[in-house]
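Position chain B against the provided structure of chain A, taking the given hints into account.
If you read the protein sequences in the order shown, they are chains A and B. Just so you know, we're using this note's numbering here: the first sequence kicks off at 1 and counts up by one. Just so you know, we're using this note's numbering here: the second sequence kicks off at 1001 and counts up by one.
In short, the hints are calculated from the structure, not lab data. Please read all numbers here as calculations on a predicted model, not as lab measurements. Watch out, some of these pointers could steer you wrong.
[What the hints assert, rightly or not] Straight-line distance between alpha carbons at most 20 Å, and here's what the computed PhoX-like set of lysine-lysine pairs gives:
{"hint": "1", "chain 1": "A", "residue 1": "LYS182", "chain 2": "A", "residue 2": "LYS155"}
{"hint": "2", "chain 1": "A", "residue 1": "LYS77", "chain 2": "A", "residue 2": "LYS56"}
{"hint": "3", "chain 1": "B", "residue 1": "LYS1152", "chain 2": "A", "residue 2": "LYS77"}
{"hint": "4", "chain 1": "B", "residue 1": "LYS1077", "chain 2": "A", "residue 2": "LYS152"}
2 protein chains.
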Amino acid sequence: MSKIVNVVEEIMSSNDDLAAQNRTRLDTAHVLGMNIMASPGSGKTSVILQTIEALKDKLRLAVVEGDTAPVSIDADKVILAGMPAVQINTGGSCHLDAVMLRQALPEVPLDDIDLLIVENVGNLICPASFSLGTHFNVVIASVPEGDDKPYKYPKIYRGIDALILNKIDLLPYIDFDVDYFKRGVQILNPNVVFFDVSCKTGEGIAAWAAWLKQRVQAFQTPAN
Amino acid sequence: MSKIVNVVEEIMSSNDDLAAQNRTRLDTAHVLGMNIMASPGSGKTSVILQTIEALKDKLRLAVVEGDTAPVSIDADKVILAGMPAVQINTGGSCHLDAVMLRQALPEVPLDDIDLLIVENVGNLICPASFSLGTHFNVVIASVPEGDDKPYKYPKIYRGIDALILNKIDLLPYIDFDVDYFKRGVQILNPNVVFFDVSCKTGEGIAAWAAWLKQRVQAFQTPAN
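Here chain A stands alone, though its shape is the one from the complex:
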């Protein structure tokens, strides 16, 4: 077993080194990097498309799409929305890692953007273990997934700055206790900022986009 443990430690340590290199590259280009994690079908791509729509006249964005299969459904949607998108095919792997992002970065027009959105592979477990070098993490949860997810998949909620609760338009049709859900997240992460949104109706997107824009501006404003 110790051979396996050593190999795992080598992989994680090498990932952290490469994540630090990715961070330096983003910092040098004054690009804020955001890693979006979520379960499959929570609406990651829909939130990204709404974010692009809300911010396209205010910020320059690009998107890196992580997919386990060589299909470009999500990347195509972003390109249709008028933003640069680079697809990473993980070849079946259940998460992005710093090596994959490093390989994608040369294809991202870093000098021409303010914000890089990385859409991780749809998975509530594995992505939590691999830093990419982005500046902060966001989880998108959705009402149909159920209000018990923070209790059952705790790790992913620990290192995030914001939580988007998507598909709130479905609350009338689904037994979902918003307070129970948020309490579960806050136990793990007291400082998380919540955004309740519906990509279908557009509700809550403006507040989320305003928060994101402010983060980019704070990042790009030199400290005295």
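Okay, now just chain B, sitting in the frame of chain A:
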């Protein structure tokens, strides 16, 4: 890199050996084993509870619950429904494997049951790579996850015998093309049997339970 590849090969080969041992154990006890895989929040536990309700007077069942965290929310629900349940805490791992099932089997009353339902960890990627030794696999998809999942997470649909499409009561409120979804599954797996169900209304559960009961009976009937 070859050191890593060798270790991975050792793990997979060792998993397959243990899966074969688990299978022998189930066969000896005349217990049919079913592995249920799905995304978080697709309704695995709800389907299991409905299955118990539909079959409790016809079959003897037990459930093994895979969880990434030491919470017993799902196992408690099964026990409340009057069936034996054993919880496996994967300690953060993104899937069950044959070692974990082997450790759980001594706690399952194999001599007193006909069907063992294994609820894998909520994940559309990793569980597809690890045989457990159960006799067949089922995926539960749900309408709110979106109709593009077979195209984006193909591997998990390849080795399954049945696909349950859950939460069909939400079809009026969600843009989900059932034909597009099923076509995506059939391209990967032409022989899959579909069950459209709603755990909320009970629709479709009887057909699913009848199919399952028939499988158990065929398994337990000695061939001539």
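### Task
Could you tell me which of the hints above the structure violates, numbers in ascending order?
none
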